[in-house]
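Add chain Y to chain D, keeping to what the hints say.
As given, the protein sequences belong to chains D and Y, one line each in that order. The first sequence runs 1 to 193 under my numbering. The second sequence runs 1 to 193 under my numbering.
One or more hints might be untrue.
It does not matter which identical chain is used: a pair holds within one copy or between any two.
To be verified - Cross-link-like lysine-lysine pairs, in silico, DSSO-like; alpha carbons within 27 Å at most:
| id | residue 1 | residue 2 |
| --- | --- | --- |
| 1 | 164 | 187 |
| 2 | 106 | 187 |
| 3 | 183 | 13 |
| 4 | 187 | 130 |
| 5 | 22 | 152 |
| 6 | 107 | 130 |
| 7 | 187 | 22 |
| 8 | 107 | 22 |
| 9 | 130 | 183 |
| 10 | 187 | 107 |
| 11 | 183 | 21 |
| 12 | 13 | 152 |
| 13 | 21 | 152 |
| 14 | 80 | 130 |
What the hints contain is simulated information worked out from the structure, not anything from laboratory work. Just so we're clear, the structure is a prediction, and the values are computed from it rather than from any experiment.
2 protein chains.
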Amino acid sequence: MLLVLSGPSGVGKDAILGRMKKSGDSLEYITTATTRPRRPGEVDGIDYHFITPEAFQQMIARNELLEWANVYGNYYGVPKEPVRQALDRGQDVMVKVDIQGATSIKKIVPQAVFIFVIAPTMEELATRLKQRRTESPFDLALRLRTAEEEIKQMPLFDYVVVNKTDGIDLAVSQIRAIITAEKCRVKPREIVL
Amino acid sequence: MLLVLSGPSGVGKDAILGRMKKSGDSLEYITTATTRPRRPGEVDGIDYHFITPEAFQQMIARNELLEWANVYGNYYGVPKEPVRQALDRGQDVMVKVDIQGATSIKKIVPQAVFIFVIAPTMEELATRLKQRRTESPFDLALRLRTAEEEIKQMPLFDYVVVNKTDGIDLAVSQIRAIITAEKCRVKPREIVL
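Chain D with its partners taken away, still in its complex shape (with noise of 0.2 Å):
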C-alpha cells in the first residue's frame, strides 16, 4: 500500500508525519529530496533531503524521482527507489507530497491511497503561517491564495482530514483508521511502480 499525505503548505503535514513516525508503525516513510534552505530545527536525512539545485537536476535527468515540482521556486522530489524498494518487500509507504505532487502521483499511481489534509478555515491556516515566521509577508499571501486554488484538486483524494488547532491527535487517530481499513478492504489496491 502506498499512502500519499498531502494538503496545503502550512497545514500541519510535517507536524503529523512526525507524530505518526514517533508512534513506531509499521509504516516506511520516504523521506522528500528539496534545494529549499533547512528551516531552523530541521535535521537533513529526517525532515528532508537537502541538496543542491544541481543535484536535483541530475537525480531528474537519471529518471530517479517518482514525482517532483518546483514550488515557491524550490524543486521538491520522491526518490523512486525507496518505494519500490519497500513495497517490493511488502512494506507499506508513505510519501508526503503537495498538491501538485499529489496529482502527479495520482496519474502514475492511481491506486495509492491519497489523504488531503486540511485546516478547518483559511483564517486558521494564515494564523499557523504566520506563527511559523518562515515566510515573508509576500510568501504567506503566495501560500494562501495557493491554497484556495489547491483545495479544489480535493476530489482526486480518497480521503480527507481536517487538522485543527490543538486537533493533531484526532487527525493522527484518522489517518491510522484509514490505513486499518484500507486493510480491511476486499478488493486490495494493487500498486504498479
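Here is chain Y on its own, set in the frame of chain D:
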C-alpha cells in the same frame, strides 16, 4: 451512513455487535425481527424482535422490511422504518444480516458500507458452532456447508474483518476504523432509501 455487518453463521457477529453497543459510540443499531426461537440468554427487543410467523407475514405484506429471508427454516427481517428515521436524522445506522440479507440490501442500497466477518478457518468456525450447542449435528453440517458457499459472496462486500478466537477486540477496533475512515471519505456515500 448505513453499515451492513454480515458473515456466516457462528462467526461472531452478535458478539461483535454486543461489544460495539457497550462502547457507547454514536451508531444506531437496528434490531432484526425473527421467527426463530429465542436462545438462552437472548432478550426480546435487544438481540432480536422475536415475533410469530403470522406477524412476520404481515410485515412482509405491508412492505415494512428492508430485507427479509428464510434461513434454515426461520424468517429474519430488518424493519425499514427505524433505518429510514435514523438516516433522516443524520444518524449512522448498523444492521446485522446474514449473507443472503446483505446481498439483498446491496441491490436496494448499493451505497451502504458492507462488512464481511469471517473466521480465520472453517475448522475454527466448526469449533465455535459446536461450542454454541444450539444446533443439532444436521444443522451444524448445513451451516458449515452454507458458510463455504457464502464466502464466495465476499466480492460484493467493501471490507473483510477476520474474527479470531480471543481476537474480538481486534475485530471491533477494525470495524471502528472502517467507520472512521468512511467518515473521512472525500466523496460521501449518498444513501437513497
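A quick look at each hint next to the structure:
no. : hint      : result
1   : 164 x 187 : between (32 Å within a copy, 21 Å between copies)
2   : 106 x 187 : both (19 Å within a copy, 16 Å between copies)
3   : 183 x 13  : both (22 Å within a copy, 20 Å between copies)
4   : 187 x 130 : neither (43 Å within a copy, 32 Å between copies)
5   : 22 x 152  : neither (32 Å within a copy, 40 Å between copies)
6   : 107 x 130 : neither (33 Å within a copy, 52 Å between copies)
7   : 187 x 22  : neither (30 Å within a copy, 31 Å between copies)
8   : 107 x 22  : neither (31 Å within a copy, 44 Å between copies)
9   : 130 x 183 : neither (38 Å within a copy, 31 Å between copies)
10  : 187 x 107 : both (20 Å within a copy, 19 Å between copies)
11  : 183 x 21  : both (19 Å within a copy, 24 Å between copies)
12  : 13 x 152  : within (18 Å within a copy, 41 Å between copies)
13  : 21 x 152  : neither (29 Å within a copy, 38 Å between copies)
14  : 80 x 130  : neither (33 Å within a copy, 52 Å between copies)
Consistency note: the structure conflicts with the earlier hints numbered 4, 5, 6, 7, 8, 9, 13 and 14.
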